[in-house]
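Protein chains in written order, with this note's numbering: chain A, 1 to 361; chain B, 1 to 287; chain C, 1 to 267.
Because the hints were derived from the structure by calculation, they are not lab data. For every residue, glycine included, the Cβ atom is placed at its ideal position computed from N, Cα and C. There may be inaccurate statements among the hints.
[Stated by the list, open to error] Partner residues aside, some chain A positions facing chain B, computed with beta carbon under 8 Å:
#1 G53
#2 F54
#3 M134
#4 T266
[Stated by the list, open to error] With beta-carbon atoms standing in for the labels, derived distance ranges:
#5 R71(A) x A248(C): 51 to 57 Å
#6 E315(A) x P3(C): 54 to 60 Å
#7 A23(B) x G10(A): 40 to 46 Å
#8 K2(C) x S126(A): 41 to 47 Å
#9 L176(A) x G194(B): 54 to 60 Å
#10 T99(B) x F17(C): 26 to 32 Å
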Amino acid sequence: MADNAVELIGLSKLFADIPAVDRIDLTVATGEFLTLLGPSGCGKTTTLNMIAGFLTPDAGTIRLAGRSVDRLPSFRRDIGIVFQDYALFPHMSVADNVAFGLKMRRVAKPEITRRVAEALDLVHLSGFGERRPMALSGGQRQRVALARALVIQPTVLLLDEPLSNLDLKLREEMRLEITTLQRRLGITMIMVTHDQGEALAVSDRIAIMNKGRIEQLGDAHSVYENPGSRFVADFIGQTNFVPGTVREGTQAGGECTVTTEAGNLTLLAPQALQAGAKVEIAVRPERLRFATAADAAMQLSGTVLRHVYLGDHTETHVRTTAGSVVVVRTGNHGEAPLPAENDTVALAAAAADCRVFTAPA
Amino acid sequence: MIGAGDPAGELIGPRLMVALPAAFLLLFFVIPNAFLLTTSFLKSEDQVLTNQVTLQNFTYLLTKPIYLTSILRSFWISALTGMLVVLLAYPLAYYLARTANRWRGLLIGIALAPLLASVVVRTYGWWVILNRDGPISDLARAFALSRGPLVLLPSSLAIVVGLTHALLPYGVLTILSAINGINPSLERAAMSLGANRCRTFLTVTLPLSIHGIAGAFLLAFSLSVSAYATPAILGGPATATMATRIYDFLTSLDDWSLGAAMAAILIVTTMLILFVGSAVGARRASL
Amino acid sequence: MKPWHALCAVAAAVYLFIFAPIVVTASVSFNAGNLSRFPPVGFSLRWWREALDPRWLQPLTFSLELAAISAIIATLLGLLLAFGLVRHRFPGRDLVATLSLGPLALPALVTGIALLQILNMAGIDALYGFPALVIGHVVICLPFTVRTAAISLQAMPARVEQAAYSLGATPIEVLLRVTLPLIKSGVFAGTVFAFIQSFTDYSVSLFLTKPGASTISVTILGFLDYGFTPTLASVAVITLIVPLALIAIVQHYFRVGDFIYGSGRHG
Chain A
1 MADNAVELIG LSKLFADIPA VDRIDLTVAT GEFLTLLGPS GCGKTTTLNM IAGFLTPDAG
61 TIRLAGRSVD RLPSFRRDIG IVFQDYALFP HMSVADNVAF GLKMRRVAKP EITRRVAEAL
121 DLVHLSGFGE RRPMALSGGQ RQRVALARAL VIQPTVLLLD EPLSNLDLKL REEMRLEITT
181 LQRRLGITMI MVTHDQGEAL AVSDRIAIMN KGRIEQLGDA HSVYENPGSR FVADFIGQTN
241 FVPGTVREGT QAGGECTVTT EAGNLTLLAP QALQAGAKVE IAVRPERLRF ATAADAAMQL
301 SGTVLRHVYL GDHTETHVRT TAGSVVVVRT GNHGEAPLPA ENDTVALAAA AADCRVFTAP
361 A
Chain B
1 MIGAGDPAGE LIGPRLMVAL PAAFLLLFFV IPNAFLLTTS FLKSEDQVLT NQVTLQNFTY
61 LLTKPIYLTS ILRSFWISAL TGMLVVLLAY PLAYYLARTA NRWRGLLIGI ALAPLLASVV
121 VRTYGWWVIL NRDGPISDLA RAFALSRGPL VLLPSSLAIV VGLTHALLPY GVLTILSAIN
181 GINPSLERAA MSLGANRCRT FLTVTLPLSI HGIAGAFLLA FSLSVSAYAT PAILGGPATA
241 TMATRIYDFL TSLDDWSLGA AMAAILIVTT MLILFVGSAV GARRASL
Chain C
1 MKPWHALCAV AAAVYLFIFA PIVVTASVSF NAGNLSRFPP VGFSLRWWRE ALDPRWLQPL
61 TFSLELAAIS AIIATLLGLL LAFGLVRHRF PGRDLVATLS LGPLALPALV TGIALLQILN
121 MAGIDALYGF PALVIGHVVI CLPFTVRTAA ISLQAMPARV EQAAYSLGAT PIEVLLRVTL
181 PLIKSGVFAG TVFAFIQSFT DYSVSLFLTK PGASTISVTI LGFLDYGFTP TLASVAVITL
241 IVPLALIAIV QHYFRVGDFI YGSGRHG
């Protein structure tokens with residue numbers, strides 16, 4: 001078995017001369033679960049469609065299990081796809097839906113029967129074989145789609161926003177089920193989603209896409225803790241941005257000094273910065289504390305605007321002295337009482353929790 | 001890329017797929033009609049077409065009283081038919097749209113069922129009803145409304161009755177789909193504001209279904225103008241319409257240039273109605 | 001009287017108007033007298049015996065054959081055009097879409113005359129009768145078959161074809177196992193409309209028949225010149241039963257109303 005299930009090399013696709021996917025390089029190891037995450041229009045679905053063979057790339061190469069598939073039509077690529085709306089064949093029974101790919105591969109009848117039963121068992125739908133897709137619930141349809149794609153033992157399973165049509169509870173259940181299956185069967189999976197929570201929960205690695213390019217590639221922990229760009233910091237999780245100006249520039253990954261309303265700070269800059277550049281300091285709401293800590297790198301003061309109670313935590317909106325609004329997240333486990341509205345408060349964050357990015361134009 | 005889209009297109013080729021039926025329509029619909037239009041501008045001598053271009057055919061048809069009368073008769077018959085179709089179809093369509101009757105589907109089907117019979121067949125029934133020995137005439141005599149048999153045929157009004165009957169299902173279809181297209185909460189809103197059922201109908205439903213009314217009228221008009229069977233059966237030489245005149249030109253008179261000119265007037269009329277229809281936003285078929 | 005009851009009464013009256021001539025025709029066919037009279041005088045089956053004469057059966061079977069062949073050809077051409085219009089973008093697409101509905105917009109009578117003239121000019125008189133009628137009927141049936149096929153294609157669930165490809169189906173397998181099965185009822189409905197359109201037509205046929213090769217509608221129309229006999233009523237009822245039986249079969253599979261909304265012609 002090839003080490004890499006999928007390799008994308010310099011892959012590009014133009015729509016009306018505008019690059020939807022712009023020279024993407026990406027390698028997915030066999031057995032890996034990779035997620036393409038990004039807002040709509042970022043090129044993630046276009047990338048998926050090129051891997052599937054539904055779109056022809058304008059440049060670049062796609063290799064599946066080590067061999068180039070650029071000249072192979074979709075039906076010879078040996079891929080499985082779970083579509084957003086499931087795309088089950090409404091005129092066939094559940095069993096016939098699952099058997100379809102095996103029939104196309106001219107698998108012998110008894111083996112088809114056996115493997116269809118196995119696949120349905122795998123997704124806990126034994127006994128549903130004779131039903132029509134229309135007679136199933138959304139979650140059950142999702143399982144049929146999964147079984148239909150898994151039964152052909154594809155080189156890679158592509159999942160196109162697979163959970164977006166399910167309600168919240170079912171979504172979390174299916175999310176768990178898909179990861180369990182993936183670990184158990186060791187299948188390579190590429191999922192496309194715009195839901196960061198989903199991406200963080202299931203993926204071995206996440207490729208965050210923006211404007212046709214991969215902005216950052218890494219595991220859930222690294223993309224959340226060490227965002228490589230302002231876009232990633234903003235897109236993944238919630239982030240406060242405090243404006244400032246660079247006093248001393250630095251190389252990417254170095255430390256630079258920034259002047260802000262909180263004074264001069266020395267912070268990590270994931271991207272190269274020059275002196276005098278307008279920047280923003282990113283800090284997560286849960287890393288801001290109501291405190292005047294001497295050791296904190298960043299200290300702000302402001303007025304409490306309002307509290308938003310959200311069950312397990314409360315979000316406090318604070319207008320800083322310089323006029324920007326930041327959000328502070330505090331867990332609701334009955335520690336220190338929160339300041340009252342209109343109170344003047346001090347906020348603090350550690351240097352390790354702050355990142356400097358170039359301000360958007 | 002193969003294996004990406006329309007399987008039929010990949011097997012046959014998108015070009016051939018469109019070209020084959022389009023060529024068929026071009027060859028047997030567009031070109032013949034274009035030739036017919038051309039013929040209407042050609043002079044004919046002794047029933048033989050010449051290459052001389054002329055407007056004479058049109059001026060002849062539009063000035064000679066017997067032909068001008070036929071053209072005008074076609075128009076007023078069609079206008080009257082259109083109005084009657086709307087008048088009869090609207091209440092039926094409104095009833096079908098609003099009834100809670102559980103046989104509603106069947107009632108709609110029954111209203112449209114006459115479309116399954118040829119107009120020739122349905123007009124024959126009207127001949128039986130309207131002829132001098134028919135039930136209407138008998139009734140008139142029984143109630144001493146007329147001394148001798150009542151002569152209802154041939155007449156323009158009989159043609160109007162026949163055409164109204166033939167085109168009524170189209171009127172019901174068009175108006176029904178217009179009424180079904182009205183958001184029911186609008187009527188509820190009007191009633192919640194204090195309008196009674198009649199007022200709601202007059203101030204909300206009727207104005208909102210006006211496009212359906214226009215569509216039904218224009219459809220009935222354009223199909224009446226070119227109808228041949230009904231005027232041929234229920235009318236006579238004294239009630240000739242454009243369609244029956246065309247038939248006479250081409251068969252007994254063998255005059256192609258006048259026949260083509262009359263057909264051209266028919267085409268222009270229908271195109272004009274289509275144009276008026278789209279200008280007033282009348283409901284019509286769309287792909 | 002409440003306005004709603006008045007409306008019900010009016011609706012009932014309109015139904016009476018719709019069915020009067022059909023009921024009258026049916027009852028006249030059992031008339032014992034020599035004249036087409038209503039109410040019928042006595043009861044007799046003699047007009048039905050006469051209606052089953054080869055003189056009437058021949059044009060009837062001719063019309064059935066014509067309708068079947070025209071409907072099949074119109075369905076095939078309509079299917080191709082629907083695929084082209086729904087699934088592809090090409091220059092002149094709007095024009096072709098309009099053209100495909102053209103035969104509904106122009107009077108069928110004129111289309112018949114125009115075809116007659118072009119056949120005359122091309123000197124292919126041999127085509128009169130069946131071949132010319134097939135051509136004319138396919139022209140007037142195409143709008144129906146294109147429309148129903150296009151509606152079914154548009155209503156097809158998204159991406160099932162891509163799903164089939166991804167599972168290894170070749171284009172021909174996708175077409176036969178997925179696409180056609182999913183649109184077949186719409187296409188079939190189009191075929192039935194085309195059949196009825198052809199079977200009940202007289203406008204196009206009027207000029208394209210020849211002796212021995214005439215449709216039932218044109219034959220009845222020609223016969224009316226010689227007077228009205230109860231035989232015609234029997235024949236008329238027979239021509240009514242054929243499409244009725246057909247629609248009864250189709251209604252079993254499909255809701256017809258969806259496809260005739262806002263389209264059609266007669267008159």
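Query raised in the report: Against the structure shown, which of the earlier numbered hints fail to hold, in ascending order?
Result: 3, 4, 8 and 10
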